[in-house]
Amino acid sequence: MSQLSSTRTGTRAAPSVIEASRTPTIGAPVSAEPGRVLPIIEMAVLIIAAVAPLTLQNYMTVYATRVLILCLFALSFDLVWGYAGILSLGQSLFFGMAGYGVALLSRDFHIASLFAVVPLGALIGLVAALLLAGFLLLGRHTSSVVFVSLGSMTGAYAADRLARGSYYLGGQNGIPSIQSMSIGSYTLNEGPGFYYLALIILIVVYLLSRFLLRSQFGLALAGLRENEQRIAFFGYKVQHLKAIIFAIGGAIAGIAGSLYAFHEGFVWTTILGVVMSTQVVLYVLFGGSGTLIGAVIGTAIVEGLSFWLSDNYRDIWPIILGLLLLLVILFRPLGLISLVLGERERVGTFRPSPKEIRDAAS
Amino acid sequence: MPLLEAVGISKVFGKLTALDNAALTVDEKEFHGLIGPNGSGKSTLMKCLAGAEVPTQGKVSFANTDITTFTPTERARAGMSLKFQITSVLPTLTLYDNILLALQAQSSLLDLVFSRTRGRQHEQVMTMLAQFRLVDRAFDAAAALSHGQQQWLEIAMALAGRPRLLLLDEPTGGMSLEERRVTGELLQPIKQHCSLIIVEHDLDFIRDICDRLTVLDQGRILASGTVAQIQANAHVQEIYLRRA
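Protein sequence lines, in the order shown, are assigned to chains G and W.
One point on numbering: in our numbering, the residue at position 101 of the first sequence is 578, and numbering is uninterrupted.
One point on numbering: in our numbering, the residue at position 242 of the second sequence is 858, and numbering is uninterrupted.
Bound-form chain G, shown alone:
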């Protein structure tokens, strides 16, 4: 009948798996007041992460470090998709470009200081995301989910192919033997040192993201996710909001990519491509999109499971993992976290604190 109503009912009539992950499941616990489950989960995860290297063998700590870096990567996708509703299937573009960027910094300029590598990674991710946002999000009219997802995926695919063909970037082989990262005169090798560095960076990014998402900006993002057109009619510049969160997501993916390059000691084309992008989608859907801790838990569980399954079921482990992922997405579209976290607490509230109200009155 009308353009407005048909676009709205259109998305309702054909919900995809991804779409369904944002729709609350019937029967999910809904309490009147936000509960206190989230802080408990967050604290538990933090304690486990903090003590893990004390109990793990060194090779497992190396593996766990990689997982932490991937958690950071998952946060970037969760911000963009879980909170702002932008389906970026090319998140690896920012991860991989930053990885390659810092690898070149090491190879060509012999710079490996943490204080150069991580900021450069963030900058590369930010700029690349802004450029891509210019194409995908910043038109005068809002772009469709399909356009954004296919567009970003194409970006990742193209970057992968270009890197394969580039002599400067090492072609198929990538860039090997990146030197170790340094902090001042201290050289950081694989193991507990790198683990705690990755953990600290993850915690800082997590807390900054949480601050942002609980702010009034977070409320605007919630509006963007739930009904982009509606909030445009309130006067929100939705394209700007999208470009900003997309760029922040790009920067976080860039930080993750730069750490990944130095942790692994080499970069290769896969980290730019579609496989890596898809992986991060699975982490977040598995754990629970729209919660930061869900992204972290999802990454840890998927990676942990793959490690264990590949050890014990050498031939068929990808099938088992695939089925498990499918089951979660089918029966828990809001991810594993929704087993313990109610809808009300997940969305949260953005009302001012009593202190903010008092301050405003005085």
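Calculated directly from the structure, the hints in this document are not laboratory data.
Take the hints with a grain of salt, since some may be wrong.
Calculated cross-link-like contacts (lysine-lysine; reagent style DSS-like; alpha-carbon spacing at most 30 Å) [said to hold, decoys possible]:
{"no.": "1", "chain 1": "G", "residue 1": "K714", "chain 2": "W", "residue 2": "K675"}
{"no.": "2", "chain 1": "G", "residue 1": "K714", "chain 2": "W", "residue 2": "K807"}
{"no.": "3", "chain 1": "W", "residue 1": "K675", "chain 2": "W", "residue 2": "K645"}
{"no.": "4", "chain 1": "W", "residue 1": "K807", "chain 2": "W", "residue 2": "K645"}
{"no.": "5", "chain 1": "G", "residue 1": "K714", "chain 2": "W", "residue 2": "K645"}
{"no.": "6", "chain 1": "W", "residue 1": "K807", "chain 2": "W", "residue 2": "K675"}
Since chain G is already given, all that's left is putting chain W on it; use the hints.
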């Protein structure tokens, strides 16, 4: 100088002419009703005014500015607000957050990131909720409201930014008689600061609250005038009797 002036508005969808040279003027603080049979072009005219559709021909001026090609965001920032025909409150957010979301739409990015406006907007949020009789449910999810209450919440959201002109597309659709009566009461006080264009099927409702009416039929303006003039218009009566 009228607040809103639309002249020569035509809208063609393929072979269908939804609007044919329609015109509308609305003064400051005037309540103006759009009526007409189904398919007469009321909703299309509303969309052309709000920016959801761009007219094929014609010109829309608002507060002395030509806004014909403005996006919805730009129109909202100029002081125009729309309540959609289908309720589109944000169901998972609380009522409070729904209103705050509407109120803070024009805050700067830094104010949003550092949450600098919500402290002083708190009172406005609570006032809006009280005005629309929703204050008891302030911290419930909007999805838990009845249909009528969702409509009120949406009117409250549309009014939150203190617009100079509010466009309401069938605000009483699906409401009970009692809810309609209350809606009329809720709309009266906004007259002190805001004009209203309202599309409505319920003629009794619209007669009670509007100053002037415009009647559309098959995309054309059939008549425009005060409620009394329209009621006395033989042509209008014929249209309504013919379709009744």
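Quick rundown of the hints versus the structure:
Between the alpha carbons of K714 of chain G and K675 of chain W the distance comes to roughly 24 Å, so the proposed pair stays at or under 30 Å and holds. Between K714 of chain G and K807 of chain W the CA atoms are separated by roughly 28 Å; this keeps the pair inside 30 Å, and the hint holds. Annotation: proposed proximity of K675 of chain W to K645 of chain W holds, straight-line Cα distance about 22 Å (limit 30 Å). The straight-line distance between the Cα atoms of K807 of chain W and K645 of chain W is roughly 5 Å, inside the 30 Å bound, and the hint therefore holds.
At roughly 28 Å between alpha-carbon atoms, K714 of chain G and K645 of chain W fall within 30 Å of each other, so this suggested pair holds. About 26 Å separates the Cα atoms of K807 of chain W and K675 of chain W, which keeps this hinted pair within 30 Å; it holds.
Checked against the numbered hints above, the structure violates none of them.
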